[in-house]
Amino acid sequence: MNDQPGNFNIDIADVARDEGMGARAYTDPVIFDLEMERIFRRAWIFVGHESQVRKPGDFCRTRMGVDEVLLVRQQDGSLRVLSNACTHRGTRLCAGSSGSAISFVCPYHAWAFGLDGKLKFVPDVQSYPASFTISDPSLGLKSAPRVESYRGFVFASLAPDGPALTDFLGPMTDAIDNLVDRAPGGEIEIAGGSFRVRYPGNWKLHHENANDTVHPSFVHESSVSTANKSKVDPDPRLIDRGQTKGMMASNGLTPKDWNAIELNGMAQGHSFMGGFYKAGLLSRQTEDEVMRTYREALEATHGVQKAADILGMDRFNNLVWPTLNVNAQFHQIRVVHPVSVNETILEGYCFRLAGAPDEIFHRAVRFLGALVSPASMIFSDDLEIFGRVQRGLESGVLPRLDSRRGIEKDAPAGEDCSYRSTTSSELPIRSQLRAWREWMIAQ
Amino acid sequence: MNLQLLTLHHAVSAFLAYEAELLDGRDFHGWLDLFEEDGVYWVPTSRDQADMKNQVSIMAEDKALLGLRVERLGHPHAYSIEPYPATVHLVGNITVREENGQIVARSKLIVEELREDRPTRWGGSVTHTLRRRGDGFGIVLKRVDLIQAGGTFTPISIPL
Ligand code: FES
Ligand SMILES: [Fe+2]
Numbered sequence: 001m002n003d004q005p006g007n008f009n010i011d012i013a014d015v016a017r018d019e020g021m022g023a024r025a026y027t028d029p030v031i032f033d034l035e036m037e038r039i040f041r042r043a044w045i046f047v048g049h050e051s052q053v054r055k056p057g058d059f060c061r062t063r064m065g066v067d068e069v070l071l072v073r074q075q076d077g078s079l080r081v082l083s084n085a086c087t088h089r090g091t092r093l094c095a096g097s098s099g100s101a102i103s104f105v106c107p108y109h110a111w112a113f114g115l116d117g118k119l120k121f122v123p124d125v126q127s128y129p130a131s132f133t134i135s136d137p138s139l140g141l142k143s144a145p146r147v148e149s150y151r152g153f154v155f156a157s158l159a160p161d162g163p164a165l166t167d168f169l170g171p172m173t174d175a176i177d178n179l180v181d182r183a184p185g186g187e188i189e190i191a192g193g194s195f196r197v198r199y200p201g202n203w204k205l206h207h208e209n210a211n212d213t214v215h216p217s218f219v220h221e222s223s224v225s226t227a228n229k230s231k232v233d234p235d236p237r238l239i240d241r242g243q244t245k246g247m248m249a250s251n252g253l254t255p256k257d258w259n260a261i262e263l264n265g266m267a268q269g270h271s272f273m274g275g276f277y278k279a280g281l282l283s284r285q286t287e288d289e290v291m292r293t294y295r296e297a298l299e300a301t302h303g304v305q306k307a308a309d310i311l312g313m314d315r316f317n318n319l320v321w322p323t324l325n326v327n328a329q330f331h332q333i334r335v336v337h338p339v340s341v342n343e344t345i346l347e348g349y350c351f352r353l354a355g356a357p358d359e360i361f362h363r364a365v366r367f368l369g370a371l372v373s374p375a376s377m378i379f380s381d382d383l384e385i386f387g388r389v390q391r392g393l394e395s396g397v398l399p400r401l402d403s404r405r406g407i408e409k410d411a412p413a414g415e416d417c418s419y420r421s422t423t424s425s426e427l428p429i430r431s432q433l434r435a436w437r438e439w440m441i442a443q
Numbered sequence: 001m002n003l004q005l006l007t008l009h010h011a012v013s014a015f016l017a018y019e020a021e022l023l024d025g026r027d028f029h030g031w032l033d034l035f036e037e038d039g040v041y042w043v044p045t046s047r048d049q050a051d052m053k054n055q056v057s058i059m060a061e062d063k064a065l066l067g068l069r070v071e072r073l074g075h076p077h078a079y080s081i082e083p084y085p086a087t088v089h090l091v092g093n094i095t096v097r098e099e100n101g102q103i104v105a106r107s108k109l110i111v112e113e114l115r116e117d118r119p120t121r122w123g124g125s126v127t128h129t130l131r132r133r134g135d136g137f138g139i140v141l142k143r144v145d146l147i148q149a150g151g152t153f154t155p156i157s158i159p160l
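Chains as they are written, first to last, in my numbering: chain A, 1 to 443; chain B, 1 to 160.
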């Protein structure tokens, strides 16, 4: 990059102190631009799942921060991530969200680009000077120098070098493994539609909230008490087998219960919650017929012990910093897309597991609706709070957010993660903050 | 249009206007009562969505689940609806036909919502499948196909 946007005399180390992030990290467009430069154009960003682009020519449109990109399956089966902006005058190439193409033709003056991003055709090319050659690589679509898939989860980095994907993911590969291993047929695919929801707040607020174990008792009180008071159950034959009510009630742990949850935070910025089953806070699903059929299929693939381990994985909200959340139990992921300093789009997807009964997929569809629909009785309250945080911070009254809860108990936890806390803690927020600081400072 | 159909059209139109009045007047329990015991409220994510099981829905609720939603609407700490927005449900372009003993009403819906200083507008086509009940109707299925379906949403915190 020619203009280093880093030189705004922002002392990043001072903005991101362990005890809390400076408010301007959520409100200052200059910091947002720097985040795009230093995090979103460098780190590994989740760009999609291989099942979205099965055949050569298949593409889907997504974002890496503010950059709109196309994930494209190449003729040789490899994957590329291309900028969705024409190199003639910058026009957005693909308006559709996904499809299949032999080339990408710009709607403005019909410059045509191959699946590999190379410029292939320019109408009226003879009117250009001799120095203009179609084969000039700089006329091709910008292509992410690094694209890698971990078991079908595709990540891209706009930097030519940096940590290897598996080093970047660290222990989060376990969460991806677990989701894939849940398929008796060994494969999962994104299916059943998706949700895109916009909230008027900074992108960091989503991940900071997801493993915050204090807020559910308050933010979700309306859905918890409604579910607990209700005496009627939905008709399980119809559309819902208790998922909605169950999810609403599941936020109703007491503060003491929430304290029993283990929080794990990594130097890479990732985090997850654990210990729900261990502490008896959640009982493993009582097995109905669908679950039995499914378990038997899984046992046929993996054997009894491994199948039990897979189904019993005691980890929730596996946050892959900066933008992915893997919820293996619900066959679900969420993806955070920053739009501007105070606007964010959140996407939710669910998976169909090969070899599992149809009803298992129906349940995943239902979980996605209960948790990520814009009309979710749970999530809409989180989104509302994000907006209120943003509004409060923009008033400028608070110079720094406070993330000190549990700070003295952040204990190194050996090789599987950097820190673990077995008490209510803002450790996940601090992990994100530390990773943010590291990427933002690095030149 | 024969007189019988005209009378039916008139009665259904009055019913839809009454439903809108209940929603705008925040009489959500009254609204819930309009649904038959086997009634379903459905806001799909795409216009051609055929079922609720294989594709996600914005809302897909039988009467028990809709009852939960209605209960929560009255909760003092449901933050996404605090303060509750002022709403106008405008129903128009109503067509009515009878099919296998059930009445199918198609209409267009525009909902204007104002919460604090923020206006939101929802629009779509609605299909009510109705059953005669006493001298009125009960809702067997209310399907709302939003023009926003499949797009990027802001939270929907009110019934449409
Ligand atoms: S802007 Fe794309 S061809 Fe002219
Ligand atoms: Fe929450």
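Just so you know, the hints here were simulated from the structure itself, not pulled from any lab data.
Just so it is clear, the structure is predicted and the values come from calculations on it, not from any experiment.
Watch out, some of these pointers could steer you wrong.
To be verified - No more than 25 Å apart at the CA atoms, straight line, and that leaves these computed lysine to aspartate or glutamate pairs for DMTMM-like: (1) K53/B with D288/A; (2) K120/A with E68/A; (3) K229/A with E99/B; (4) K409/A with E394/A; (5) K53/B with E289/A; (6) K229/A with E98/B; (7) K278/A with E299/A; (8) K306/A with D358/A; (9) K229/A with E37/B; (10) K53/B with E68/A; (11) K231/A with D38/B; (12) K53/B with E296/A; (13) K278/A with E187/A; (14) K53/B with E347/A.
Exercise for the section: Starting from K53/B, check that the Cα of E296/A is at most 25 Å away, please. Expected result: Roughly 23 Å separates the two Cα atoms, so the pair holds.
Problem - Distance restraint between K53/B and E289/A, which requires alpha-carbon spacing of 25 Å or less - result: Roughly 18 Å separates the two Cα atoms, so the pair holds.
Practice task
Given the hint that K53/B pairs with E68/A, test it: the Cα-Cα distance must not exceed 25 Å.
Solution key: violated, 32 Å
Problem - Hint consistency between K278/A and E187/A [alpha-carbon to alpha-carbon, up to 25 Å] - result: violated, 29 Å
Handout entry: Holds or violated: K120/A to E68/A, with C-alpha atoms at most 25 Å apart
Key = holds, 21 Å
Practice task
For the pair we were handed, K53/B and E347/A, check the Cα-Cα distance against 25 Å.
Solution key: holds, 20 Å
Problem - 25 Å limit on alpha-carbon distance, applied to hinted pair K231/A and D38/B - result: holds, 17 Å
Exercise for the section: For the pair supplied as a hint, K229/A and E99/B, confirm whether the alpha-carbon distance does not exceed 25 Å. Expected result: Violated - the C-alpha atoms of E99/B and K229/A are around 39 Å apart, more than 25 Å.
Exercise for the section: Would you mind confirming whether the straight-line C-alpha gap from K409/A to E394/A stays at or under 25 Å? Expected result: violated, 31 Å
Problem - Pairwise hint evaluation, D288/A against K53/B, where the allowed Cα distance is 25 Å at most - result: holds, 18 Å
Exercise for the section: Would you mind confirming whether the straight-line C-alpha gap from K229/A to E37/B stays at or under 25 Å? Expected result: Within the cut-off at roughly 20 Å; holds.
Practice task
Could you grab the alpha-carbon distance between K306/A and D358/A and see if it respects the 25 Å cut-off?
Solution key: With a Cα-Cα distance of about 22 Å, the restraint between K306/A and D358/A holds, given a limit of 25 Å.
Taken one by one, the earlier hints fail for this structure at numbers 3, 4, 6, 10, 13, listed in ascending order.
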